[in-house]
Amino acid sequence: MIALRGLTKEFPGGVRAVDALDLEIGDGEFFALLGPSGCGKTTLLRTIAGLETPTSGRIEIGGVDVTGSPPGRRDVAMVFQDYALFPHMDVTANIAYPLRIRKVPRAERTAKAAETASRLSLSELLDRRPAQLSGGQQQRVALARAVACRPKAFLFDEPLSNLDARLRLEARTFLKRLQRELGVTTVFVTHDQSEALALADRIAVMSAGRITQLGTPSEVFRRPATTFVASFIGSTPMNLLPGVAEDGVLRVGGAELPLPDGVPDGEILYGLRPEYADLTTREPREKGAFRGKVAVVENLGTAHLVTLECTGHLLQVVVPEGAEPPPGTAAWAVPRPGRALLYRDDALVGDA
Amino acid sequence: MSPAEVPRSAAMVSGKHSLGFVVPALVLIGVFLVFPALWTVYLGLTDHRLTGLAAADPQVVGAANYAEALGDERFRTSLWLTVQFVLGSAVLGQAVLGFAIAWVLRDRRGPLKSVTEGLVLLAWILPSSVVAFLWIALLDRDGGTLNAILHTPGFAWLLDHPMMSIIVFNVWRGTAFSMMLYGAALENVPPSQLETARLAGASTLQQLRDVVFPHIKGHVLTNLLLITLWTFNDFTAFQLTAGGPEGRSEILPVYIYNVAMSGGRLGFGAAVSFLVLVVNLVLAFAYLRLLRSRGEVRPS
Amino acid sequence: MTPVRHALGTIGRAAFLALVLGFFALPLLWLASAPFDAHPSITTSVPEFTLANFRALLDNPYALGSLRNSLIQACGSAALVVTLAALAAYALSRARVPGRDALLYVLLLLSSVVTGTAAMVPLFELATRLNLIDTHLGVVLTLSGGLLPAAIFILKDFMDATPTSYEESARVFGASAGQVLRHVVIPLVRPGLATIAVWAVANVWGSFLQPFILLRDPDKAPGAVILYTLYTEGGAPRLDVISAFSLLYSLPVVVMYVFVSRRYGFRFHGGIKR
Numbered sequence: 001m002i003a004l005r006g007l008t009k010e011f012p013g014g015v016r017a018v019d020a021l022d023l024e025i026g027d028g029e030f031f032a033l034l035g036p037s038g039c040g041k042t043t044l045l046r047t048i049a050g051l052e053t054p055t056s057g058r059i060e061i062g063g064v065d066v067t068g069s070p071p072g073r074r075d076v077a078m079v080f081q082d083y084a085l086f087p088h089m090d091v092t093a094n095i096a097y098p099l100r101i102r103k104v105p106r107a108e109r110t111a112k113a114a115e116t117a118s119r120l121s122l123s124e125l126l127d128r129r130p131a132q133l134s135g136g137q138q139q140r141v142a143l144a145r146a147v148a149c150r151p152k153a154f155l156f157d158e159p160l161s162n163l164d165a166r167l168r169l170e171a172r173t174f175l176k177r178l179q180r181e182l183g184v185t186t187v188f189v190t191h192d193q194s195e196a197l198a199l200a201d202r203i204a205v206m207s208a209g210r211i212t213q214l215g216t217p218s219e220v221f222r223r224p225a226t227t228f229v230a231s232f233i234g235s236t237p238m239n240l241l242p243g244v245a246e247d248g249v250l251r252v253g254g255a256e257l258p259l260p261d262g263v264p265d266g267e268i269l270y271g272l273r274p275e276y277a278d279l280t281t282r283e284p285r286e287k288g289a290f291r292g293k294v295a296v297v298e299n300l301g302t303a304h305l306v307t308l309e310c311t312g313h314l315l316q317v318v319v320p321e322g323a324e325p326p327p328g329t330a331a332w333a334v335p336r337p338g339r340a341l342l343y344r345d346d347a348l349v350g351d352a
Numbered sequence: 001m002s003p004a005e006v007p008r009s010a011a012m013v014s015g016k017h018s019l020g021f022v023v024p025a026l027v028l029i030g031v032f033l034v035f036p037a038l039w040t041v042y043l044g045l046t047d048h049r050l051t052g053l054a055a056a057d058p059q060v061v062g063a064a065n066y067a068e069a070l071g072d073e074r075f076r077t078s079l080w081l082t083v084q085f086v087l088g089s090a091v092l093g094q095a096v097l098g099f100a101i102a103w104v105l106r107d108r109r110g111p112l113k114s115v116t117e118g119l120v121l122l123a124w125i126l127p128s129s130v131v132a133f134l135w136i137a138l139l140d141r142d143g144g145t146l147n148a149i150l151h152t153p154g155f156a157w158l159l160d161h162p163m164m165s166i167i168v169f170n171v172w173r174g175t176a177f178s179m180m181l182y183g184a185a186l187e188n189v190p191p192s193q194l195e196t197a198r199l200a201g202a203s204t205l206q207q208l209r210d211v212v213f214p215h216i217k218g219h220v221l222t223n224l225l226l227i228t229l230w231t232f233n234d235f236t237a238f239q240l241t242a243g244g245p246e247g248r249s250e251i252l253p254v255y256i257y258n259v260a261m262s263g264g265r266l267g268f269g270a271a272v273s274f275l276v277l278v279v280n281l282v283l284a285f286a287y288l289r290l291l292r293s294r295g296e297v298r299p300s
Numbered sequence: 001m002t003p004v005r006h007a008l009g010t011i012g013r014a015a016f017l018a019l020v021l022g023f024f025a026l027p028l029l030w031l032a033s034a035p036f037d038a039h040p041s042i043t044t045s046v047p048e049f050t051l052a053n054f055r056a057l058l059d060n061p062y063a064l065g066s067l068r069n070s071l072i073q074a075c076g077s078a079a080l081v082v083t084l085a086a087l088a089a090y091a092l093s094r095a096r097v098p099g100r101d102a103l104l105y106v107l108l109l110l111s112s113v114v115t116g117t118a119a120m121v122p123l124f125e126l127a128t129r130l131n132l133i134d135t136h137l138g139v140v141l142t143l144s145g146g147l148l149p150a151a152i153f154i155l156k157d158f159m160d161a162t163p164t165s166y167e168e169s170a171r172v173f174g175a176s177a178g179q180v181l182r183h184v185v186i187p188l189v190r191p192g193l194a195t196i197a198v199w200a201v202a203n204v205w206g207s208f209l210q211p212f213i214l215l216r217d218p219d220k221a222p223g224a225v226i227l228y229t230l231y232t233e234g235g236a237p238r239l240d241v242i243s244a245f246s247l248l249y250s251l252p253v254v255v256m257y258v259f260v261s262r263r264y265g266f267r268f269h270g271g272i273k274r
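Residue numbers (full-length UniProt numbering), protein chains in the order written: chain P, 1 to 352; chain Z, 1 to 300; chain U, 1 to 274.
To be clear, the hints were calculated from the coordinates, so they are not data collected in a lab.
Careful, some of the hints might be misleading.
[As the list claims (entries may be wrong)] Computed footprint of chain P on chain U, listed as stretches where at least three residues anywhere in the stretch have a Cβ under 8 Å from a Cβ of chain P: (1) 158-167; (2) 180-189.
[To be verified] Anything over 10 Å on all C-beta distances counts as not near chain U; from chain Z, calculated: (3) T116; (4) L186; (5) H215; (6) K217.
[Unchecked claim] Label pairs and their calculated CB-CB ranges: (7) L58(U) / R102(P): 48 to 58 Å; (8) E187(Z) / P36(P): 38 to 48 Å; (9) P24(Z) / D346(P): 55 to 65 Å; (10) G118(Z) / G12(U): 15 to 25 Å.
Remember, predicted model here, so these are calculated numbers, not experimental data.
Beta carbons are placed, not taken as given, at the ideal position from N, Cα and C, and that holds for glycine.
Using the sequences provided together with the hints, build the complete structure.
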């Protein structure tokens, strides 16, 4: 288990990369630190590794306070964004390097490296230098090196970002299976929301050195705590329309929707994922649909993204293959019940 | 945050450690580079000598050395010879010849280019004692190859034309640097611009003036500053003529050696050294300013 | 361009190149022929092939000893320069040192300003007072002081180009500072270290002024000084010894130059030679 208590890292010049952060990561958990660049996620990972000294606060790994320990005494393994494979050592020597530091005899560590390599399908490559490997192979060698030292935790810094798009999906599946098999607590940093959703058991969305939301991928996706998280998560951006709650109805984008209980009157931001609305070209029977004109249709492959021009606002809806109306048609977007989110003062106040 | 944005970790080489790493180098530089420079100032104000009374107990004589130098015919001659040497061999000789070679060779490939470059480079990298003797042999009065080729037996180049000899020698010796620098600079001139100029009917000189020069201005300035600095301080001519005959090739570095080391007048020699130091400082400062304005730094 | 102008240009370029080749080759011919000539004269001629001149070297009391002296001084300086410059460059590259860039600029400025010519008097005085006259150490320290700033500068470039993630990775695996240095940093910057070492050796090997001033004893003098005395001091110069010695003494520099430029694509730019 990794526990962070009141962790703060301030760089000279007063930049607070990590700001009074509390976090507990459970045993065997696959944990994602997600956020845009500059949000402090990499600094947080490096502080856990011991590569940065925190300004204040505590770090515990496996119940031991390691705040003052050097990186080598924390029993963690880190995979860097550029993999940091030593270019002057072959794959065997790279994988065996942590064991060499622990003074494991040469024969034993070579055997151990070969065993780990075969587990990661690297057996053919043991004699190669990093420069002779493809990006995907390099990434697996970096993983093998981390696995070989059997640490209490893995720390991955953007482990997939240096791979090209197609390879990234393959590597993602591989990484998830490896983590499941080994059951080692893993913290990884990413700026790619789809990566975090796909891999993690839990996600911490970070912004300006703080955790904005902590939760499982479906919690973070379904109920983003702030509009920042709402706009950051999801491959198509969430519709965010300004509206007003009064007299028991919600007026937004020219539509009148029923106002859920417990939401007081006043201005409100109405959030609706493009996936959570249905498009129809005939006026629907139920109340509370957005009426507009189809402005743009974008092909997403298995679906289409339709941009609807409503009164004063644009609304995007994902429609299934073959159901897209031609541009210029009048259409209605019907939000699915319970899937819209209401924000006031940048906090979630209810769903509609 | 990408790694590039993360400030470098100071954990391993902390402030205190790093000082320990840097200090040994700084001490050596301090004692054998900085201190001598400063000491020159003091020594130049004394009548320190290699031997005799003033060796045991040097007196501070103030600016007397400088006053004497300025009034000294031999010093003024040396200064004038140095100007000739620098302008003739570096600014005119090395820079122009170096550029011409680089220009003619710019889009050639093959053995002719490698042989030419190789020979020019060889003249530059061979030890100074060796090349000095090669030129003594070449210019020898009785059996010298040059006299044999020109059918001028008995012509004493080093005695009759000592300045001309060391100037031509230094052109031969140092052209490689200018050739390489201009060679690299010319690679940065976009071929499309040269072709445009040629299609418009520009002559070679017009191409050089309108297309090439604007691109390599910075390199030209760098080149002139560096070769001026080096030629101004070059001691190799000493091995050729030792300043003779009768001081007719006694450029400043040789003059300082003859006065201070052979003549034993260390204080006076230090005063002249200080003048050299000041000129060097001006040249080097101009060079660093130039590098900084171009946003690149290269060791000099 | 008219065909006539084109032809003239081609002829002009060819003539210019021929002149350049002649000018640069002429003095070098003697170095290629005389060492193997049974009766070397000062005039360049086709040699009557022999290796006897190299045997004559063995009889000269100073020739081979001076090469050994050159080797001692060159390797001593190279070891000192590489060690001190590597330590300094590593710290300057990795740690936040206030005023680092200014310091580097000043050092670089000094190394080009304080030349042997400008500082021969104080260097001689300094060596006298530190009892370094007639010692290899005196020559090594004096030359190293002048070479260090540029060496630090070049090595810092090498270190800056090496990502810190290599070192950090090793540290996370538990390597100590010494292990990081031995296992990771030194192997990674080895090309840089080799370059600096060769550069320092080549520099010291060719140096004339400093050993000429600091060494009185011919038993300590390096090749540069001995060669100079061979052709300036007393009587008719022994051309057999001079020619063979010149070649032997030049070869290492040429070999080193070829090695560095082949191996690391390193051009001796920006006064790397001086």
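Okay, the hints, checked on the actual structure:
1. 158-167: Three-residue rule met by the region 158-167 of chain U, so holds; n is 3.
2. 180-189: holds (count 4)
3. T116: T116(Z) is in fact no farther than 10 Å from some Cβ atom of chain U, at 6 Å.
4. L186: holds (14 Å)
5. H215: For H215(Z), whose nearest Cβ neighbour in chain U is about 18 Å away, the distance exceeds 10 Å, so it holds.
6. K217: holds (18 Å)
7. L58(U) / R102(P): 48 to 58 Å: Once the Cβ atoms are compared, 57 Å apart, the range 48 to 58 Å for R102(P) and L58(U) holds.
8. E187(Z) / P36(P): 38 to 48 Å: Since the Cβ atoms of E187(Z) and P36(P) sit about 41 Å apart, the hinted range of 38 to 48 Å holds.
9. P24(Z) / D346(P): 55 to 65 Å: Roughly 57 Å apart at Cβ, these two residues keep to the hinted range, so it holds.
10. G118(Z) / G12(U): 15 to 25 Å: holds (23 Å)
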